[in-house]
Amino acid sequence: MAEFPQLHDAILTGNMNNAIAATKEAVASGAEPGDLVNNYMIKAMEDIGAKFEAGQAYVPNLLMAARAMKGALDVLKPMMQGSGVTSMGKVLIATVKGDLHDIGKNLVASMLEGCGFEVINLGVDQSDQKIVDAVNQHHPDILALSALLTTTMGNMKVVIDALTAAGLRDSVKIMVGGAPISEAFAKEIGADGYSANANEAVALAKSLI
Amino acid sequence: MDSRRMTMSDLTLDISEIYRSMGYPDPDSPPEDMKSIVEGLLERFRPVCHPRFHYIESTVEGLSPKGIIMKGLSGAEKYLLFIATAGMEFQEEIDRISDEGDIVKVYAADLIGSEIAEATVRECMKAIEADYSGTGVSNSYSPGYCGWVLSDQREIFSRFGGETCGVTLNDSCLMYPIKSVSGIISVGAEVEKREYGCAICGRKDCYKNRLKRIKK
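First to last, the protein sequences are chains A and B.
Residue numbers for the first sequence follow our numbering, beginning at 80 and rising by one.
Residue numbers for the second sequence follow our numbering, beginning at 503 and rising by one.
Incorrect hints may have been included.
[Said to hold, decoys possible] In silico SDA-like links for lysine to any residue, alpha-carbon gap of 25 Å or less:
(1) A:209 with B:672
(2) A:103 with B:605
(3) B:607 with A:125
(4) B:607 with A:258
(5) A:130 with B:528
(6) A:130 with B:651
(7) B:537 with A:129
(8) A:130 with B:672
(9) A:252 with A:157
(10) A:266 with B:613
(11) B:607 with A:209
(12) A:149 with B:538
(13) A:236 with B:673
(14) A:130 with B:613
(15) A:236 with B:654
[What the hints assert, rightly or not] Here are the computed distance ranges between Cβ atoms for each label pair:
(16) B:651 with A:208: 42 to 50 Å
(17) A:215 with B:678: 27 to 35 Å
(18) A:244 with B:579: 30 to 38 Å
(19) A:248 with B:629: 34 to 42 Å
(20) B:577 with A:263: 46 to 54 Å
(21) B:505 with A:103: 52 to 60 Å
(22) A:245 with B:633: 50 to 58 Å
(23) B:568 with A:208: 27 to 35 Å
(24) A:215 with B:545: 21 to 29 Å
(25) B:506 with A:84: 24 to 32 Å
[As the list claims (entries may be wrong)] Computed far set for chain B versus chain A, every beta-carbon distance over 10 Å:
(26) 504
(27) 546
(28) 572
(29) 577
(30) 590
(31) 594
(32) 604
(33) 609
(34) 612
(35) 617
(36) 636
(37) 637
(38) 651
Calculated directly from the structure, the hints in this document are not laboratory data.
Predicted model, so just to flag it, every value in this text is computed and none were measured.
The C-beta atom is built at its ideal place from N, Cα and C for all residues, glycine as well.
With the hints as constraints, model all of the structure from the sequences given.
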């Protein structure tokens with residue numbers, strides 16, 4: 080079986096151009112998209128995540144790897160329809176009402192996408208009603224909520240209560256994150272999980288699926 | 503009262519703070535490609551950005567800052583309210599960068615915007631310290647932090663008589679352009695500049711403390 084370490088390395092080092100070129104070469108040599116995604120691309124994202132946890136990589140490294148992963152996935156997408164390559168799960172992500180901070184949320188979204196999740200990014204300053212409507216419409220496996228302000232983190236509970244009132248709470252796992260959020264707060268408001276950074280968010284999402 | 507429309511060259515940007523926010527321990531540690539992205543974005547913002555600030559004398563009545571903030575304002579003989587912003591021109595440029603779809607550039611541009619806004623606040627503080635020389639000037643404190651409710655933004659903005667540097671509030675009391683700061687400062691003989699923000703925050707899992715946590 081042919082091997083494509085250059086694809087893994089290009090994503091690990093965040094080199095998008097090399098990742099795209101390596102993907103095209105691999106496809107031209109007859110590689111299966113599913114094999115490339117599962118054995119090289121997701122592996123590279125896991126490896127950069129491990130380096131981040133060890134303090135050997137920084138947030139920009141995660142983003143550059145996710146960007147390279149996205150570039151490589153764009154090459155494969157036309158070949159993946161009907162190929163049996165499925166997503167890890169569907170995640171709806173939003174920053175809660177009263178909060179315009181979106182960089183952390185977008186970083187989590189990029190990492191989740193890079194690791195094989197389908198991500199619907201609702202944006203910032205999202206009311207409980209808008210989030211309930213989106214859960215109803217998209218039927219995500221996971222709802223990821225972000226807040227950066229101590230004054231807006233309480234709106235996460237407002238969203239969870241609204242989902243309960245709408246009879247949707249049991250249909251979706253809820254994970255929360257953001258600078259003022261803690262494990263204890265997540266438990267207190269009835270969320271299913273908390274992550275302190277984008278890399279942990281991927282591991283948490285996998286565990287919730 | 504003072505109001506100023508500036509250019510980027512009027513600001514003293516702390517580039518190391520941008521890299522620190524990315525998690526790098528010192529300004530020399532980012533790789534060349536990241537430095538190149540930051541420098542390229544700064545070149546892009548430099549000719550177009552017009553950061554602004556405006557401050558007025560006012561009162562704390564009708565506002566509800568709490569605990570740490572009230573302690574920081576203690577000794578006040580006068581209260582000043584301020585609005586500082588990276589400006590609409592910055593907002594328009596970062597919107598264009600977002601449309602280009604490069605998540606690394608958007609991330610770096612966002613952090614640059616935060617530093618431009620903070621540098622604008624520093625210029626505002628310099629102006630206040632010059633205007634009130636010989637007396638104590640507190641740190642600046644903003645709604646949304648340390649339990650100060652964001653809805654007080656409406657009261658703060660109402661006191662500027664429309665002179666808000668082009669900054670507006672949405673239904674959630676959030677400012678637009680996004681890279682804007684509003685808040686309160688006290689002045690008086692007994693006022694001290696107390697430590698605030700990162701200096702007094704013990705949060706171990708904050709991204710700014712990540713490296714310290716890992717080294718332990």
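Find the hints from earlier in the document that the structure breaks and name them by number, from lowest to highest. Hints 6, 8, 9, 10, 11, 16, 18, 19, 20, 24, 25, 32, 33, 34, 38 not satisfied by this model.
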